[in-house]
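Peer 1: Residue numbers (our numbering), protein chains in the order written: chain A, 1 to 76; chain B, 1 to 258; chain C, 1 to 222.
Don't read these hints as lab results, they were simulated from the structure. Wrong hints could be hidden among the right ones.
What the hints assert, rightly or not - The calculated SDA-like cross-link candidates involving lysine to any residue, where the alpha carbons are at most 25 Å apart (straight line), are: (1) A:K53 / B:P157; (2) A:K42 / B:W29; (3) B:K183 / C:I133; (4) A:K53 / A:Q39; (5) B:K121 / A:L29; (6) A:K53 / B:G244; (7) A:K42 / B:Q17.
As the list claims (entries may be wrong) - Here are some chain B residues the structure puts well away from chain C; computed CB gaps all over 12 Å: (8) A15; (9) L42; (10) A117.
Note that beta-carbon positions come from the ideal geometry of N, C-alpha and C, so glycine has one too.
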Amino acid sequence: MQWESWSAFWNMGGAGFFVWGSYGLTFALVALELVLVFQRRKDTVNRLLRWRKAVGRNGSGVGAGKESPGESRAIP
Amino acid sequence: MSRPDRGPSILRFAAPQNFYPLAGRLAPWFAGAAALLTLAGLWLSFFVAPTDATQGEVYRVIFIHVPAAWMSMFVYLVMAFWSAVGLVMNTRLSFLMSQALAPTGAMFCVVALWTGALWGKPTWGTYWVWDARLTSQALLLFLYLGFIALTRAIEDPRRADRAGAIIALVGAVNVPVIYFSVKWWNTLHQGASVSLTKAPSMATTMLAGMLVMAVAAWAYTLAVVLWRVRPMILERERHTEWVGAELMREALRQGGRA
Amino acid sequence: MLSAFFAVLRRDLLLAWRGRADVLVTLAFFVIVVCLFPFGVGAEANLLRTIAPGVLWVAALLASLLSLHRLFAQDHADGTLEQLLLSSEPAVLWVTAKVLAFWLTTGLPVVVVAPVLGMLLDLEQGAYPVLVISLVLGTPILALLGAVGAALTLGLRGGGMLLALLVLPLFVPVLIFGAGAVEAELSGTGATAHLLLLGGGLAGALALAPWACMAALRVSTE
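All chains, full assembly: derive it from the sequences and hints.
Peer 2: Set out below in structure tokens:
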């Protein structure tokens, strides 16, 4: 084992800010990306469901005058 | 990297309605693998790998810095690959893959830059050095941002796909040129005070930690890209029968939960 | 086949001559950007002499960026572009002609004025030939790479900023070798290697960029 105590582990030989700052931001970004991806999925499904209701369920999207389900090309 | 739509059944899974459920089935496995490998990698990085003789503990940043830098470059190559496939074979799915890859590649770029800065401060005494690697990493981030901005600015999906593919390929041709020009520039301008070429000799356990983290980054990328491409497929294929059926299933699932 | 090349070249030059105010605006922009630097960093001759190659090159790069969005915009608006794409003439030829005309009207004036601005920044005498040669070799690369970006962002809202984001990272190697050539000449190591690399870059851009530009125009107009 490398560390004598938990405080030594968090201190990282005086470089705690740099080490934990790196790991902290990395995992924060990963978490943020996952949240955005799932948010995007939920939004898309709901928007497409509303859109299908609006254009009727024939699946062709013709006839209701609303060809596009609105804002559609966002990439999270 | 084994991609789900290569191999013998390539044509079958090039069709969106076959790829969509496959992506949904595979993504959780890659995510699980990424989580386990990350835990193993963190354990190796913090509890097995010894303290570095010259840099002390701060070197432990490299366990994410190096995999993130590798990933950011590799993802751009894969993006260019899918763009080329899309332009040559005219497969819509390839364009979607390259657009789904871009945000993750940009994220790894940011991580590599940020961790590089935090590693540089205690090691070189400054957050930023105009080092060849750091500078080309920053330029790679701009290439990602340009690709994302372009594909988002174009409303017609067909044009967005193709325009994005062209700029991804132009960027890929330029990445080596940029890297070598920056390196050339760097050797002329860099003072002798900072020597970056001297790699610290690495213990086997250090290398192992880095490799495990790199594999974890691959698995994570696969999972998140497959998850991101799924709603994109629904959006593009919204006029088809199978998306209608898929949406009905989603509605039932949501209704059941509420 | 070459007649199409020269026809497009002559037409674009003629159009540029009729709208020569635009050309002057590009040139004025180049001059003003260079003149801003003494106000920003101070008028000390030693400092200005040191940063002169970089300042001149960055200003030339920004000036060529400024006018890029005009490269295809007019032809796109009045339908000429689609006619050209539908015509039986090889698109690579007239795309190259358009880029050449663009360079002659925006790049060449910058090359001509650059030595005068070099005097304002107290650039050393010996560096002028290298400055001019590096600009002659480098600014066409900027025009060729920029043409791809201009073709991709054709008719988009906020296309100007997007164009800058797309092409500026690609301009970096040209800036490095262009400004580097002048600095190498000043430091006595000789600029031959830099100029050869710039020449190689120009040959590469000339061989590849028109094709990419043609593909981008097809994508943007269909």
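Peer 1: Taking the hints in turn, state whether each one holds.
Peer 2: Outcome of the hint check:
no.: 1; hint: A:K53 / B:P157; result: holds, 23 Å
no.: 2; hint: A:K42 / B:W29; result: holds, 21 Å
no.: 3; hint: B:K183 / C:I133; result: holds, 23 Å
no.: 4; hint: A:K53 / A:Q39; result: holds, 21 Å
no.: 5; hint: B:K121 / A:L29; result: holds, 21 Å
no.: 6; hint: A:K53 / B:G244; result: holds, 11 Å
no.: 7; hint: A:K42 / B:Q17; result: holds, 19 Å
no.: 8; hint: A15; result: holds, 24 Å
no.: 9; hint: L42; result: holds, 34 Å
no.: 10; hint: A117; result: holds, 20 Å
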